[in-house]
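Just so you know, the sequences run in chain order A and B. If you read the first sequence in the working numbering, its first letter stands for residue 5, the second for the next number, and so on. If you read the second sequence in the working numbering, its first letter stands for residue 26, the second for the next number, and so on.
Just so you know, nobody snuck in bad clues.
Derived pair list, reagent style DMTMM-like, types lysine to aspartate or glutamate, alpha-carbon separation capped at 20 Å:
no., chain 1, residue 1, chain 2, residue 2
1, B, K84, A, E139
2, B, K428, A, E217
3, A, K33, A, D228
4, A, K207, B, E207
Note that these hints are calculated values from the structure, not bench results.
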Amino acid sequence: MTEISVVSLKIDGVQVSVPEGTTILKAAKDNGILIPTLCDLEGLTPYGGCRLCLVEVTGSPKLFTACTTQVNPGMEVTTNSVRLKNYRKMAVQLLMSERVHMCAVCVANDHCELQALANQLGVDHVSFERHFTRETIDSSHDFLVIDRNRCILCTRCIRVCDKIEGVHTLDLKQRSKDTEVIMDLDESWGDSCSCTGCRKCAKVCPVGAIYIEGESATQTKHRDVAEFITERRKRK
Amino acid sequence: MDNNNENNSSSNDKVFEKKIVINPVTRIEGHAQIDILLNQDNTVREAKFKVTDFRGFEKFTEGRPYYEMPAITSRSCGICPVSHILAATKACDGIVGVKPPKTAVMLRRLMHMGQIIQSHALNFFHLSSPDLLFGFDSDPAKRNVFGLIDAYPDLAVQGVKLRRFGQEIVEKVAGRRVHSSEWVQPGGVRWPLSRERADYLQSKLPEALEIAKNTLSMFKQMLNSFNDEVENFGNFPSYYMGLVNSEGGLEHYDGKLRIIDNEGRMVAECTDPLKYQEYVGEAVEPYTFMKFPYFKKAGYPEGAYRVGPLARLNVASHCGTPLADEEFREFKKLGKNGGVVESTFHYHYARLIETLFCIETTKKLLEDPEILSEHVVSRAMVNNYEGVGIAEAPRGTLIHHYKVDNQGRITWNNMIIATEHNNIAYNKAITQVAKKYVKAQQLQEGMLNRVEAVIRAFDPCLSCATHAVGQMALIIKLFDNKGTLIDRQVR
Chain A
5 MTEISVVSLK IDGVQVSVPE GTTILKAAKD NGILIPTLCD LEGLTPYGGC RLCLVEVTGS
65 PKLFTACTTQ VNPGMEVTTN SVRLKNYRKM AVQLLMSERV HMCAVCVAND HCELQALANQ
125 LGVDHVSFER HFTRETIDSS HDFLVIDRNR CILCTRCIRV CDKIEGVHTL DLKQRSKDTE
185 VIMDLDESWG DSCSCTGCRK CAKVCPVGAI YIEGESATQT KHRDVAEFIT ERRKRK
Chain B
26 MDNNNENNSS SNDKVFEKKI VINPVTRIEG HAQIDILLNQ DNTVREAKFK VTDFRGFEKF
86 TEGRPYYEMP AITSRSCGIC PVSHILAATK ACDGIVGVKP PKTAVMLRRL MHMGQIIQSH
146 ALNFFHLSSP DLLFGFDSDP AKRNVFGLID AYPDLAVQGV KLRRFGQEIV EKVAGRRVHS
206 SEWVQPGGVR WPLSRERADY LQSKLPEALE IAKNTLSMFK QMLNSFNDEV ENFGNFPSYY
266 MGLVNSEGGL EHYDGKLRII DNEGRMVAEC TDPLKYQEYV GEAVEPYTFM KFPYFKKAGY
326 PEGAYRVGPL ARLNVASHCG TPLADEEFRE FKKLGKNGGV VESTFHYHYA RLIETLFCIE
386 TTKKLLEDPE ILSEHVVSRA MVNNYEGVGI AEAPRGTLIH HYKVDNQGRI TWNNMIIATE
446 HNNIAYNKAI TQVAKKYVKA QQLQEGMLNR VEAVIRAFDP CLSCATHAVG QMALIIKLFD
506 NKGTLIDRQV R
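Required output: the full structure, derived from the provided sequences and hints.
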């Protein structure tokens, strides 16, 4: 039996021990400390895109994304300082300033991670200019719809499609603010030959960007699907 | 605000010697101003109703999926979101091309009854009753809902209770009191009504019915003291438009769109909602953001028609519930030509009869065991590229017309809101009232209040705001023939 080495570190002043190779985010979560994130999901490859899980590590002037940084022995991590809270608020506001986020008429209203986080962080306004760009909506699929106006580019859909379903229908095109989630070689979803219609992308979407037509978010959202399937696969 | 008024003035206004501006018009839903234009001898020449809101729903919904329309368009109004939800959903029913199950239709109708009850209660008790109970010339500091609570606490409580009952119907049926768009979907509704909720609503019915009956009898007793207003409050011939059911009875959810003339003759009946444009045209004027719909056959502006409670009772042959029918027969006696009641003042009367009708209909719907069926949706996808939904909102006929592409994304949207239909009539009515009551040499608050009150009688819903609370913000300005401000009164 392989021996697992254990790493000891301090998170918010609390001494914790976790297996080597664990990310700060997971180490914190396993010890009851929740660090906010919009792109990370257990069962999927860490991405580090939303910048909400930024933490401070004593001795380093820079901030680290907790989802992509592995623990080190003797590390002292701070997850909740005034500076971090301000950065997180700013990150949420930047997400909201891009594209169109109108909770009242969104399918994910009350079931949206961005909305919940904004409430939790006390984001009651957006300090940056809002762009209200007009992105395309693709509802050519029989039941799956992508409304790119609401997309925050967390890539959960792409990673769940690649890693869990194994087909990699979804991917990104363009860069920066023009980045878009596309299907196959930028085809309409209804014409995609690789999409199996498994719905996992809609289940893990943190906002209302991918949804199932005619279904409420309560029925659709099942955000631990990747973790669930990964665990089931380990049993074999 | 002053500059704004002058900028709003069209160049045509300059030929008039003086202008009185009422801005904003208070105790209505939305933002508007009234300009009263005077001749050289200080007599009233014309009055104009200017809507200063701009919303833009028809444009910014382009590109959105059709099934989002009930949620988006209902945001145009916080008073009658249910009517928008229903007109939008019916347009979506047309796009998917399915017939919703009977229970879904009953539930939608039930929700609509709740909407009309609460909206009518809001208009009568909160907005209009201060004028009726205290008099048009009374102290404006008292002539509002707080004055009402002070002087007639029992009546105020009844108003609140009746409005609450209406809102509770919407909440119990659709989950939320306001903007309950999550519940509806093209082809039906998302969840059925539970027995507990139906029982709860039934338990509240007797009290609501009692309040409606009492209010109606109180109003009828007061009517004699308003003979002057009845005669002069927008009392003019016009066409009337409203939905009727297959038997020609009062209808709010679905049916034939009927237009009658001022003598009660049916001049048009539209059975296919998609063909509404054969009957209704829309004109625009540069001074207001509100369009001027007109009856196409008669042309603009001769084709002025009215919608809303008064129009609905004028076009219908009966109500269809016992108590409301009794009141309906009495109401019709006020009509001169073939039972057509012309005075805008009687919108109040018609509103109270409708409230009674809605409570009785609620009772009828709740007593039908089929209301509890769990078959509430017919599923389908985009089958038609065009859909029209017509419903009777509390303030009148509401039309939603959508066109979609092959993926169901909106490519074109036309909404005709109930309040718009009455636009030509507003201008006629305020001109009539201003001519009768406004004497420019000796401006008095009560004169101008009457001009506002005729607008209130129509119960316009210019957006989702209610101005029933707070200080009256009426500004009256007098200009001389060089456009110089010579008098300004703020109350």
